[in-house]
Every structure is written in C-alpha cells, then in structure tokens.
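Number of protein chains: 4
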Amino acid sequence: MSWNTFGRVFRFTTWGESHGPALGVVVDGCPPGLALSEADIQPFLDARKPGQNRYTTQRREADEVRILSGVFEGRTTGTPISLMIENTDQRSKDYSEVAKAYRPGHADYTYDAKYGFRDYRGGGRSSARETAARVAAGAVARLVVPEVSITGYVEAIGGDAIDPAAFDAGAIRDNPFWCPDPAAAARWESLVDDARKAGSSLGAVVGCRAEGVPAGWGAPLYAKLDAELAAAMMSINAVKGVEIGDGFAAAANTGEGNADAMRPGSEGPQFAANHAGGIAGGISTGQPVTCRLAFKPTSSILTPVETIDREGNAAEIVTRGRHDPCVGIRGTPVVEAMMALVLADQKLLHRAQCG
Amino acid sequence: MSWNTFGRVFRFTTWGESHGPALGVVVDGCPPGLALSEADIQPFLDARKPGQNRYTTQRREADEVRILSGVFEGRTTGTPISLMIENTDQRSKDYSEVAKAYRPGHADYTYDAKYGFRDYRGGGRSSARETAARVAAGAVARLVVPEVSITGYVEAIGGDAIDPAAFDAGAIRDNPFWCPDPAAAARWESLVDDARKAGSSLGAVVGCRAEGVPAGWGAPLYAKLDAELAAAMMSINAVKGVEIGDGFAAAANTGEGNADAMRPGSEGPQFAANHAGGIAGGISTGQPVTCRLAFKPTSSILTPVETIDREGNAAEIVTRGRHDPCVGIRGTPVVEAMMALVLADQKLLHRAQCG
Amino acid sequence: MSWNTFGRVFRFTTWGESHGPALGVVVDGCPPGLALSEADIQPFLDARKPGQNRYTTQRREADEVRILSGVFEGRTTGTPISLMIENTDQRSKDYSEVAKAYRPGHADYTYDAKYGFRDYRGGGRSSARETAARVAAGAVARLVVPEVSITGYVEAIGGDAIDPAAFDAGAIRDNPFWCPDPAAAARWESLVDDARKAGSSLGAVVGCRAEGVPAGWGAPLYAKLDAELAAAMMSINAVKGVEIGDGFAAAANTGEGNADAMRPGSEGPQFAANHAGGIAGGISTGQPVTCRLAFKPTSSILTPVETIDREGNAAEIVTRGRHDPCVGIRGTPVVEAMMALVLADQKLLHRAQCG
Amino acid sequence: MSWNTFGRVFRFTTWGESHGPALGVVVDGCPPGLALSEADIQPFLDARKPGQNRYTTQRREADEVRILSGVFEGRTTGTPISLMIENTDQRSKDYSEVAKAYRPGHADYTYDAKYGFRDYRGGGRSSARETAARVAAGAVARLVVPEVSITGYVEAIGGDAIDPAAFDAGAIRDNPFWCPDPAAAARWESLVDDARKAGSSLGAVVGCRAEGVPAGWGAPLYAKLDAELAAAMMSINAVKGVEIGDGFAAAANTGEGNADAMRPGSEGPQFAANHAGGIAGGISTGQPVTCRLAFKPTSSILTPVETIDREGNAAEIVTRGRHDPCVGIRGTPVVEAMMALVLADQKLLHRAQCG
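If you're matching them up, the sequences are chains A, B, C and D in order.
Numbers in our numbering are just positions in the first sequence, counted from 1, shifted up by 5.
Numbers in our numbering are just positions in the second sequence, counted from 1, shifted up by 5.
Numbers in our numbering are just positions in the third sequence, counted from 1, shifted up by 5.
Numbers in our numbering are just positions in the fourth sequence, counted from 1, shifted up by 5.
Check the hints yourself; a few may be wrong.
Just so you know, same-sequence chains aren't split out, so a pair can sit in one copy or run between any two.
[Claimed, not checked] Computed list of lysine to aspartate or glutamate pairs in DMTMM-like fashion (alpha-carbon distance at most 25 Å, straight line): (1) Lys202 <-> Glu261; (2) Lys105 <-> Glu78; (3) Lys202 <-> Asp94.
These are computed hints drawn from the structure, not numbers from a lab.
Since the model is a prediction, treat every value here as computed from it, not as a measurement.
The following block holds chain A by itself, in its conformation from the complex (with noise of 0.2 Å):
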C-alpha cells in the first residue's frame, strides 16, 4: 500500500516523480503564527541540491521552492502548506534498456512486482529526489522547533572513519563531504574522486546530533521518540541501519559501562555519559538525542552486473547516467530533516497530552 504521509498530528504528505514536471510536499498541523517565506527553505534545499561539486551527481536543478498554500502576509496559518519543486532538468535520456532490464539494489523489480509495472526514468517514485521534498517540510519543522538545533555529518565514507577525537562542528560546511574532521575529508576527495572515475559507488556512516530536546519528549509504547526515529530514518532511501547513542556498541557492553550516571545539575539532572543517545523509555532526557544511519552504497554502477529483464531471461546491466559516487553525503541534509521533522511531531504530540 502506498503510504506517503509520515507524522501522527504534525504529519507531512510528499508526492512527485523523478522524471514528472514537479515534486512536492503538504504539511499539515503546522501551529498558526509562525514568519515563513521561502527564503526560510531554500537554503536547506541548496545545501542537498545536486550538481554542486564533482563529488555528486551532475543533474542540475534548481530546486526553487514555491510556497501554495498555508501562509498568509509571511506567517503560517495553521492550514496545510503546500510546497511545489519544479522539475527542469529531466535529461530526455533513452531509457529502453532500464525499462526492460531490472537493475539489481533498485526498486525496478520489486516495484514491478507490486504493481505490475512502473515510471522506470529515472527510478520515478523511487528516486531519491523524492527527498527534496522532505527536506522543505524539514525546513518548516525546524520553525516549529527554534529550541532544538540539528547537527548532521557524515562519519565514514566506505569504511574510512572521521577520528572523533577530531570532531569540529564548525568544520562540516568547509568540505564537499559534511565531514567534521578536516583530515578525513581531505583524504575523502581522492576516496570518492576514485570511486566516481572508476564508475563504482561507496556506502557512508551518517551521524546526527539534536541539541536542545527538552526531557519528556516521546511515548510509550509505538510511538516511542527511538521507534519514531527508527522508522523516519529507515524510509530515507540507501539507509539499511539505524542506532540511537550508542546502538550495536552498547550490545558487546555491560551494564555497568552502559549506564549514564545522573548527578544534580541547576537545569534538570547532570548525565556523566550519553549512551543511550539521549532516550530511556522511549523518551527524551534532555541530553543530545544522538543517531548514526548506514547508507548502503548506490546500485548504480558501470560494473555490468547480471540480472533479468521483464520477461525473466538473463541478461547484463550497466547503470548509466548522472550518479552519486556516494548517496550518503547528500543523505545528511535529509536526515537533518527528518530529525527535525520527527521532534516537531513528538513536540505537539507531548503538548497534547501533558498540556
């Protein structure tokens, strides 16, 4: 079943194909009163935009966001924003080959398969272009959340790590690669150029950080602040994992060097740590809610790899066109917005219940 609108009362509704003349977004249950114009989105959209340096893809769109609906004399409404991305550059490129043969890690089997056949330019409803439009409504969550502020970078582009200890926030926005260490995104740019070149493709680790989250965000028991996290960032396309703090590590540890000891603080408890990321219970302790993400690497590569047209005979695949090397790094301003897009949600949902 189809399913494209995410959020329980703050709840935003995303339509539009790779290849279609527009892409766009509704977001409903947005509070009244808030100042939104599109020089609110557009930076966030610019910052995710394809084309900006030889490390992603060369499509070039301009991804300008028009504002429909929802805001009036420069403040939301409280009536449903809808924001439309015009498509322009849908390169009239021949996609008889993809449209018979399945290319193997896309969507074009299963996609096939549910519906019995599908836009295959461009990946259609599957493309990652679909993010663009997460991305704006992200934009308009941020608004609804001024208390938190959203840190998103890339950990470790094909297996090659930042060193935490040299972690500098400040430093994300001064390489192609949001990576806060300086030494590993210099290493990155012969990393990913290789990879480009070599018509290949690397996975990446994604971290993201909120600061600002107030204790007692969150629900027991579905709509849990981790679970919600969980099931926003697995529908991000590429990503195959998901941890809240310290995720698979805190498997191989024992209790005692898991515990985040409390001490009394003048603003809410002291934490001597933050393994759990920021959540117990499924509720926010007003740490940093912290969250790493696995992006696979793209399917899209020169490699011929085998595989089967519609008809189920053998044959060979070779993806052709404009790709990223690396889909995690474009990734990042996407998970930034659905963190902020998640905590806009459970922001309402704690203040319709506990007031």
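Given the coordinates of chain A, assemble chains B, C and D onto it according to the supplied hints.
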C-alpha cells in the same frame, strides 16, 4: 503522547503494567475464519516467559492467556480479539527506594519528566512485561501469514558472537540462549552465569529471518517494509540499533560488493546474494527478510550508580530484585512476534491496494 | 475492515460481544494526573444499564466496571486505561432460529456477507451491549473536559415530541425516558408500554447539548467538530440521522433567518441565536454545541417478518427475547458519552497545534 | 488541529485557499493500472465550477486540473497522485471590511479564535473553493469503484421540495439546479432568482444514491459505512444534517413500518423496501446506499447583520461580492464526490481484511 497501538490495518493495542492485576492486547482487523484458540498462543508465551532457567529473571508467571472476544466456535470472526494475561507473581517487595531515586538507564526519570509522576512498581508500563502482550498478538499475526516462517536467534552476547558458518537453526531451542551455534551456547553458559552472579548485565545481538515472504509486500515511502520493521523493533525495550540485511557492513562496502545479482529462476528471480535483507525500495524481493537488533545490557545491576532523587539531590542506587542478566535472550521471541505483526499488516495493506 | 478505535489523540478501542465472557475498552492518550476510580465511571454505566424499569430490556447486568491499568494511587498515569465489564446474564436461550435465518434490519445478513459467518448469540459484536464500553470511556473523557457540561435527552418517541417551551433540564432524570418535558413523559408511559406489550418498537429523537465548550475547538477540514460528532453519533447502533444546530430546518430557511448575529460581550461575543449549534467552519464558537439524532425503531419485534435463511430460502422470523421497545431511551447516555469523547479529543488536538 | 486528510487506506489530502495561487489534492493509496488522464477529471470539475448560470456565483474560474504525479503512460502507478488547479479569478476586491469585522455564520470569528489570525480573502481555507479539490479526488475514486453508479440531486430549495413521484434521474442535468423533477426546477427558477436579486440566500436538501455497492462493505464499529458517510458529508461547507435511508422519518416509525423484509433472489436477497438506506450494522446490504444532506443558506447576504469587529466592538456587516444564492446546488457534485471517496476507501478496506 501515550501511543499504544501499532499497525495500519492489522492493528494491536496493548495495555497493562508490571504490577497491575493483568495485561493484555486487543487485535483489530484480523481476517475472519482463522482457527484460533488459546492453544495457538500459549506456546509462544511459554517460550518467552520468565523463570524457566537460571539465565533469566526468577519472577514466576504462568502467563496464561485468555481469549475474551473475537472468536466464535473456534474461528476468528473479524471483530476485535481481546487477549488477557493475569499477573500472579507481583512480589510485594519494598519499592520505597526506587520510588524515591531514579535508576539511570531506566524510564524512571523520563516518565516523571513527562507525566509528573509514575507507577514505580517494577517499572510500571515501561516494564518488559508488556512484551508478553506483543507475543500473544504475534501468535495471532502468524495465522495471518501462514506462508511465512520466522526464525529469531541470538547472534552475540556481551560481544561474544556465534560462528556464522556453524549456524544451525535446529539447535536454537536446544539451549536456553536461542543460540544457533552449540559451541557459542556452551561458552555463554559461564558468560551469562558469571554476569548474573556478579549482579552485572550483558548486551546482545538478536537476528531474525522471515522466509516465504513473497515479492511485493511493503510500500513507498513511509510505510516501507524496512521502515515498519525498524519502528517495530526499536519499540522493544532495550533495543538501540536495527539493521536490515547487511546493515552497517553495507556502509563500508562498494556498489559492486553490495550487489545482489539476479538470475532467471523457475519461480521468480534467483538472487546471487542477499545483502539487501530481502527488501529493495521498501518492498520485499521474495528473498528472506533479515534483520539484526542491538539489545543494550539492562541497567538493573548491583553495582551502585550515581543518581539523583525526585527532589534533585545526589543519591546512589542499586537495583535489587529479580532481573534478566541478558534481556536480549528473552527479547528474541518478542522480535519474532514483531516480525509477524509487521508482515501481517503489510500483507493486508498490499491486498488492499493491489487486490 | 473491522475498526474498533475512535479518536485521533484521545483514542479508545472497544472489544467484546453480547454473549462473550466480558467486554471492555482501552483508553489511550489520556492526560496524566487526573483522579480516577471505578466510582467515577460506575454511575454512568448505571444510568445506561438494562433492566431498570419496564420500558427497557429485562436482561439484568450488573455492568460493574473494573480498572485494569493506567491508574496508580488513584490518578491516571498517562498510559492506557483498560476497563473491563463482565457479562453475567447471557441467558442460555436457544439461538437456533436466529442462527439460521436473518433478522431484517439487523446486522445478521451483512455480517455474514462480509465475514462469511457470525457470532449470532444476541447479535454478537453488533449488539448494543458494546455501548457499555463507550459509556465507560466517556466517563474518563468527561474528566478531560471538566469545563464542559453535557446534557442528553429524548425529544420525541414514535413521533410524539416534547414541547420545547416546557424544556426542563432538571426533570430529565425524574422519569425513565430521559425526557425534559414532564407532560410528554407522562404520555410516553402508555405509548412505550403499549409498544412493549404488542411486541412492537418505536423510534426516537435524542438531543444533546454541551455547554462550556470554548471557542476554537475543531479543525478544518476533515476533523471538523461537526464532522467528528457526526461520525461519532452515526456509529451508535440504530442512529440513522444527525443534525447540528438547526439541521434540516436550516435547509428550509433563508440567510437572514438563519443568521446568528453577534454583539459585544464581556467574555467573548454574545450571540443573538444559535442556529449553527455552536459550530462555524467546523470550529466551536463558544456557544453551546447542540445536536439531534434519529434512532430507528429496533427491528426486534414479535410481528413475523419475511426473510431468508443462510441458504437463501424464504423464511419468516419473529425476534423473541428481551429487547428495548425504544432503543433511543438507553441510547441517550451513549450519546452523552460520544459527545464527551469527541470533545476530549478535540481539546487535546487544539492544544497540540495551538498550545 | 488542522486535519486535511480523509480516508483510511484510500486517502486524500487537500490544500489551498480561495485567493491563493492554486489549490490541489494528493490522492494516496490508489490501485495501480487504472487509466487516468485530465479528461477523466475535468468533466466533474466543470459540473461544479462557478459562473455557469445566473443561479451561482459569478466568479469565473476555468478550474483546469493538472496531474503532476502518480500517472505514467496514462495509467495510475500506485504512487501518490497530485492534482493542481490554479486560481485565476481572485478579484482584487477590497477586503478591509471583512478583515476587520466578523461575518456571522462564517468561519471568520472561529478561525481567529483558534489560530489568532486568518487569511480573510474570500474566506481563505474555509472557502467552498476547497471543494474543487474534493471533486477532482472524487473523479479518481470513481475509477476505483467502477461497479458503482452515483447520483446526486437537489430535493428541496428553501423548503420547496420535489414530488418524489416525479423523480426522473434523466432530468437532473437538464436544469441548472440538479433537480430530478422538472416541475420543481421550473418553480425554483424564480425562487432562486428572487433570492439572488434580494441579496438573500436559501437552504437546500441534497440527496445522493449509490447503486451497485455489493453487500459487505463497511465495518464495525467506528468505520461503519454510515459513520464514514456522515463524517464525509458533514465536512462539506454548509452541511448541517445527514440522514441515511429514512433518517429522521425512521425516528417516527415503528419496527413493523421500518422493516426491510427480505425475499429469495437469484443474486442475493431481494428487499421489499430500503428504509435502511442500504446499510445495516454499518455494512452495505447490496441495496442502493442512500443519504440526504441539509445545506444551510449561506451567510453571505446583503441584509446588514449585527456583529463585532476584531477588537470586540459592535459593528454591522453586509457581505458584498459574488456568492451563490443557494450553495446546495453547487454542493451536489461535491456530495457525489464524497460518496465516491468513501466507497473507494471502504472497498479497499474490505479487500484488506476479507480478501
């Protein structure tokens, strides 16, 4: 906001506290005409129930399930199925300490921060006893997806992992650890026993595999099969990480290494590998659906931990009482149940849209 | 699709059949800290319960409610509140006739058409006994909207209406008919008694009025306060019509005649009339919220009616047993409960978006 | 809380204001493979659009719909269908009066009470222009239920009703009133014209009938077919009452008079009557599904009405501009659309649970 319902069309709502009179679940949207009696549910509850060996909590609960509605003459009627399990061993221990000071890593502080007060007896609603209700619901879900076979198992305890080459599904229930590798199971006896005697606790990695899922279940974009699984699994107590297929290993891989090549087969395509965990673009491929979960070590340990009391003063706490030294072990049947519940929902959703 | 949950953030899920062991409701999303015990719920169940006088069914149920979760030390905890009512008087009558042939106007045929078979004992899930669970949930909802005072009453039975000029809210509970006009109540004694003796049944019009609802509850466009009320009321057994404010009378009026002129007031505007029933644009105006419901006469009558049996053969059926000659009477406390449940949900929704 | 999505599995989300650049709808959950182009939608928009004769508002909108997503090579893909209609005739009139004082009966005061301010141009989000989006979505819904034939019509204007014996479905579109009785249509010409000239307005009763609905659609207990219809219809601007089948007339009837006797038939039972409006126990019987709606007279009249301004001071208001003298007329295609939308959702829900 308290949210105790999971699912979109096959939905279940759980209720109950650790030390209340009972706990239960209402399963709604179940197809009519399925043969169902308590005997279909009880074995799954028995597999989860406490007090069965020295590696789990010594709380003794019969965990006898009673069907209160939705079944007539031995078959589901299509109306809500109410299942209830009475609590019988809520030992009348002294909770004055835990009522006063927060156990770090538990939901004590966050429930207070959210709701202003909490039922502190045995963790109240945040207790893993709630998962008995999920296991009961999961038994109903299994009847909805008889084509699917679900196998949960423990892959690692405290960092000591099984040998994948030694994986023997038939051995899983031959040891108290849900361990598919007899050699690892032998090692874990002393590992877990030592932790228990020391009043410590251990994390674990739990795997789950669903065979028989046809291609086509799932959905773009926010009810993706992997996103639904991520939410389901992350909602289980103590889970801090979720991987689909290769998960974080994919993040260190290349597009070539991560490709699941397809070949012609008599019943749908044959895949050369399953890095994707049986899901592409959020929709099942027909391969086994696989995931891995990180369970943190429980925070209930005998080593004193710094904390604060309800008034914000410094305190120290030791969590006495009957606890699982490794909650991942008894979490395994819960993981199986959540897998069944997600698949049942996705099967019905697919049928709704695609007939 | 079976759907037994109502509400968006203040949600309740009912379960149970007429002749099963029990019925109940899980209330989720209730704010924490509200004083709640069985004594807060029981009076509303008592007002609805059968067998209290000769104008209602002679089935005798204690309808004793038990709180199974969600309350600790006398206050709601914010977690799901499970309420259960055991069935005690499921008379072991012979259901062979009703099992075989369909009672026209009942859900017998439609349940079979939908589900393939049905629990035929006393109507199973389609029995009005389910409304006991709603009344219990409604008692909780009232605690969420203490600023609101709800008054349900019967306006007409079998076409014999009250005199609006004689409306006396204080008289409603002085007669067995929830009638605010003592003269009408006196007439109805013989009217209803005659119907009962004749094995006939009568329809009724039930009104409901909520005072104290502040301006601003409700929502554009599909969770309008009037749309939510319409769904809530139409979901009650036997209801076939819903009016807000003047309802169908407005359809015969002019814009001038239907205007609710506004004048300055010390606490918000004063309205010269309330044709709108306290709702404009789906949002409360601050005036009393008023609605009227049409209850059909129950189809359970002693006059033989032509029907068919399960095999499609011609048959004739007489509905023996204990039935309400006018289901609208006992429907009145259910209407009050649904009003409270909708308002509680809308209050929390309003708070979520507008703080 | 703003809630602009309707439906459970076949869902649509509308957006847009009367005087914004455009309005639209996203339809999600639509089955794949249905032939769909703008030409399938446009006729329904044309039937609703303003300015077609002197009995409706003189605002002139082309109401040209554009499909922005979800259709590929002329067929629905199963992904969200985005439909957009540009506003072209937002006359730049002076709104200073309506910005300052509240029009009684409109949503002016309630929007301000809820949101703190409002888009006052042409009613903003509360304008009936939003219903164009519903009509567009309804055209898609009709494709999902091709077995169903839906007929909407006006039964009465300003209290002047059709003669049921003269009902002629073929005559409905032969007059500007959706009137199935030519004699009544002739009377209404002067009736409506006089109201228009006087700057007055008239209420109306609209009926709707869906033939071809099979037995079994609908659900106990809160997604009953009649409850869903009630919510859908009551969410339409100006609707104040909903009846299913006999509605309020049933409330004045007896069980004998209200019985829909059943007789054997070659294709399911034959019913001797349809007092129930084709729904029993919330589930369709296989008979035509019928309902009636009360539309109030619009509050936009030239007679001055007492009101207050935003500061709470006494004022007087006259609603100038282009308005429908009887909104029920153009409401009729909206009623048809909502019927289609509810039935499409219920068909898919039924298939989800019952195969």
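Same-copy or cross-copy closeness of Lys105 to Glu78 [CA-CA at most 25 Å]: So Lys105 and Glu78 pass the 25 Å test across copies only (15 Å; inside, 50 Å).
At most 25 Å between alpha carbons: which applies to Lys202 and Asp94, within, between, both or neither? This pair counts as within: shortest intra-copy Cα distance 23 Å, inter-copy 53 Å.
Homomeric proximity label, Lys202 with Glu261: Cα distance no greater than 25 Å: between (48 Å within a copy, 14 Å between copies)
When held up to the earlier numbered hints, the structure conflicts with none and fits them all.
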